[in-house]
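With these hints in hand, go ahead and build the complete structure from the sequences.
Per the working numbering, residue 1 is the first one in the sequence shown, and the count goes up by one each step.
Note that these hints are calculated values from the structure, not bench results.
Any given hint could be a false lead.
[Said to hold, decoys possible] No farther apart than 25 Å at their CA atoms in a straight line, the calculated lysine to any residue pairs in the SDA-like style are these:
#1 LYS503 / LEU489
#2 LYS553 / ARG575
#3 LYS416 / ASP739
#4 LYS611 / ALA335
#5 LYS241 / SER434
#6 LYS241 / ARG619
#7 LYS106 / SER187
#8 LYS213 / GLU87
#9 LYS740 / ALA688
#10 LYS416 / LYS163
#11 LYS163 / GLY232
#12 LYS241 / ALA490
#13 LYS616 / PRO340
#14 LYS34 / ASN51
#15 LYS503 / PRO340
#16 LYS326 / TYR464
#17 LYS326 / GLU520
#18 LYS326 / ASN491
#19 LYS163 / SER187
#20 LYS503 / ARG619
#21 LYS106 / THR154
#22 LYS670 / ASP739
#23 LYS416 / GLU374
#24 LYS616 / LYS670
#25 LYS242 / GLN481
#26 LYS553 / TYR586
#27 LYS503 / ALA342
#28 LYS740 / LEU669
#29 LYS740 / ARG413
#30 LYS740 / GLU666
#31 LYS163 / VAL191
#32 LYS242 / VAL231
#33 LYS326 / GLN496
#34 LYS242 / SER488
#35 LYS616 / VAL300
#36 LYS416 / SER488
#37 LYS379 / SER505
#38 LYS379 / SER434
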Amino acid sequence: MEIVGRYLAYIYLLRVPLLVWALLLVLPFSAIPKGASLGPLLKGVFDIAGNDVQQAFLSFFLVTISSLLTAATIGVVARLIILDGEERFGAGHIPRGQETGADGIKLMLRLVPLSIVPPLVLGSCYATTMNVSAGVAAAFGIILGSLAFYFMMTWLHDQIWDKVVLRKIKPTFRMNLINLFLQFIASAVYVVWNVVQFLVLRLSPEGYIDPHKKELRPRHIFAVIQSILSVGFYVYLFVTKKYYSYLLEVRKYVPVLEYFDPWRTLPIIPTLCLFLVLVMLLCWALTAFTFFFDRFRIPVLASFMLVAGAVSHFPQGDHFYPSVPKRSSIVLSPAQVLSPRAGRPVVLVAASGGGIQSAAWTARVLSGLRKEFENQGEKQAEEFDRSIRLISSVSGGSVGAMYIVDAYQPDGRLPKVGVSLDDYPPVRAAEASSLDDVAWGLVYPDFLWSFAPFAKGFYLYPFYLVNGPNLVSDRGFTLEQAWQRTDSLANATLSQWRTEVAKGSKPAVVFNATIVETGERLLLSTTDFDSSGQRTDKTSPGWQDFSRMYPEKDIPVVTAARLSATFPFVTPAARIFRGDVFTDQYHVVDGGYYDNYGVATLIEWLDQAIKSSGSKPSRVLILQIRGSPAGLVDPPKGDYGWLFQLGHAFETLENVRGTGQFSRNEVELKLVQQLCKRLYDIDCTVIAFEYFSTDRHGDLIPGPLSWHLTPADIDYLRKEWNRHCPTSTTKTSVPRNCDKVLEFFRQ
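As structure tokens, then:
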């Protein structure tokens with residue numbers, strides 16, 4: 001029993017590296033296989049390259065070296081705990097290699113951590129669809145990544161060890177880049193080594209200091225070197241990204257630089273690489289914390305809760321979204337938006353939420369319908385473009401709607417689709433991945449500001465002490481920057497689009513969000529919901545209008561779409577920044593909390609238009625675009641026992657939210673159709689993404705929940721649209737759903 005207790009004690013002391021190792025070992029098997037439990041959320045993390053040869057090489061190089069560095073981190077920290085645990089914690093003696101005749105512990109501390117590398121790297125190879133050229137580039141990336149790691153663990157370690165530990169620092173007048181790099185790393189190691197040695201000598205030297213030499217043990221110095229290299233890799237990724245970002249800006253003015261660098265676009269740092277680097281740094285920090293404080297029985301979780309509570313009192317630690325002064329105060333009632341279509345048919349679109357799948361499906365449906373009208377003639381296509389007067393969108397649907405509305409030309413028409421729907425700019429933009437950008441924002445600005453939130457508002461030029469522009473810098477802001485895929489979106493604001501709606505060159509759009517503190521809808525729109533146009537502070541039941549809440553402020557269109565698509569934990573709940581970090585404001589999250597279909601807002605807008613005395617359209621088509629199957633009821637799963645009783649309340653709340661929204665929307669649409677028969681006909685059409693596969697139990701496999709579509713996901717979208725609207729040469733007995741829209745205009 002004593003031996004068992006001794007090993008259990010070491011398992012507890014090794015909890016951080018063991019948990020990190022287990023997490024990374026299980027992660028690929030939980031995300032990649034068909035039907036994997038975390039597949040919808042994490043499968044896109046392993047799709048890292050595509051068919052771009054340069055990007056394939058870079059992605060697999062970075063993923064290989066980051067997975068090996070993470071494995072080395074696990075091995076190094078575990079070795080310190082095992083070899084010094086007896087002295088520091090009194091955890092009991094474990095036989096070493098010199099005593100057993102075989103250095104089993106040394107071998108175990110290398111092989112066990114390295115076991116995470118093949119699943120991560122090979123899993124990425126399996127999950128990434130590549131052509132032959134990209135596959136060869138990926139193989140070279142894996143090989144060179146392994147060689148770079150070997151070089152780092154051998155030659156580079158030796159050089160730093162010689163300069164810092166053995167003091168073999170020879171004066172030289174050859175200040176080349178390699179020597180400067182070594183001097184810089186050695187200086188950092190020397191400073192950290194001496195700081196650690198000074199602190200532990202005074203506070204608690206057991207397990208750190210050699211009692212005979214009164215110096216830090218060599219294995220701890222090795223850990224210091226490895227941790228500095230890990231931080232250096234973290235900094236290298238940051239500098240690389242920023243360097244290329246700067247280079248792309250300079251290229252606009254110095255075209256000759258195109259001949260000195262192979263990259264034409266900003267290289268992508270894969271999400272998997274960024275995740276591994278973050279896990280690696282956390283492993284270093286948490287293990288260092290537990291190694292020191294476990295001796296005093298100070299729990300890690302309680303300590304971090306205290307730190308988190310203290311940090312949360314800094315208002316700079318909150319998340320903010322940017323705002324700009326409003327330059328135009330045009331009032332645009334629903335009746336004014338509909339007035340250009342007096343006596344003619346009108347289409348009102350409700351685009352549902354559902355992440356990037358809904359974004360891509362919204363863009364594909366509206367673009368596909370445009371293509372169908374093109375096939376009938378340019379006049380019919382123009383009639384369809386101008387008939388769309390409102391898009392009420394939620395979450396992912398807001399992103400797709402943003403790209404469609406942005407594509408409208410000054411004459412009020414969409415560009416011609418042409419032969420291939422896949423190459424249509426709004427479709428390409430909506431299907432493009434932005435997961436890597438979210439990961440970048442999490443690993444860099446969010447991670448760094450979480451340790452020093454009070455410094456977030458500091459800025460040098462122009463000088464700010466607490467209200468600087470970095471306050472809006474987080475993973476939500478990096479997501480917005482990724483969505484600026486056109487020059488027009490880079491500067492577009494809601495009031496600017498409102499002006500274009502008034503001119504008739506764009507349809508009105510409402511990005512539906514939710515206010516955390518009140519549970520109300522927040523309408524970020526290019527149209528008003530008060531026909532009188534009066535700005536008051538009166539609260540409207542069930543919803544708030546951004547233009548009423550902040551009459552002097554405007555926000556970028558990409559910000560409005562991001563607030564509407566604030567997927568839980570992926571993007572943060574944010575409040576408006578109006579120049580003062582200390583003012584209390586509402587936090588905004590995803591619109592799907594209140595209404596995931598966008599129908600409630602559409603009906604209220606239509607109701608206000610009907611009540612006006614102006615001229616009205618001849619007919620109204622309410623087109624619902626749903627990015628996932630709705631109204632499906634799962635059979636009972638045989639859940640029972642106290643675990644079910646413990647969690648059934650949360651499961652019920654989640655299921656009621658979805659079922660309740662769907663049922664309410666169906667009832668509202670039927671009531672609207674019945675009440676409006678006296679004025680004009682209202683038709684309702686649904687074009688829903690219903691392509692799904694099932695696992696071996698027959699359960700539905702949900703679509704992707706991250707901001708990334710794999711090639712297979714895009715193929716599903718293509719097939720689903722072809723099922724709804726097959727070509728005339730395709731024989732099918734199923735009525736084409738798009739024919740319902742075409743027939744609406746023939747009446």
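For the pair we were handed, LYS503 and LEU489, check the Cα-Cα distance against 25 Å. holds (18 Å)
Check whether the Cα positions of LYS503 and ARG619 lie no farther apart than 25 Å. Measuring from Cα to Cα gives roughly 22 Å; hence the hint holds.
Is LYS740 within 25 Å of LEU669, Cα to Cα? holds (17 Å)
Quickly compare the C-alpha distance for LYS616 and VAL300 to 25 Å and report which way the hint goes. violated (66 Å)
Checking one constraint from the list: CA of LYS740 to CA of ALA688, max 25 Å. Satisfied? holds (13 Å)
Taking only the CA atoms, is the gap from LYS163 to VAL191 under or equal to 25 Å? holds (13 Å)
Compare the distance between the alpha carbons of LYS213 and GLU87 with 25 Å, and conclude whether the hinted pair is satisfied. holds (16 Å)
CA of LYS553 to CA of ARG575, is that 25 Å or under? With a Cα-Cα distance of about 13 Å, the restraint between LYS553 and ARG575 holds, given a limit of 25 Å.
Between the alpha carbons of LYS416 and GLU374, is the straight-line distance 25 Å or under? Roughly 8 Å between the alpha carbons, so the hint for LYS416 and GLU374 holds.
Can you confirm whether the C-alpha distance between LYS106 and SER187 stays at or below 25 Å? violated (29 Å)
Hint check: LYS379 vs SER505, CA-CA at most 25 Å. Holds or violated? holds (16 Å)
With the threshold set at 25 Å, check whether the alpha-carbon distance from LYS616 to PRO340 stays at or below it. Since the Cα atoms of LYS616 and PRO340 sit roughly 9 Å apart, the hinted pair holds (cutoff 25 Å).
The structure fails hints 6, 7, 10, 35 and 38 (numbered hints given earlier, in ascending order).
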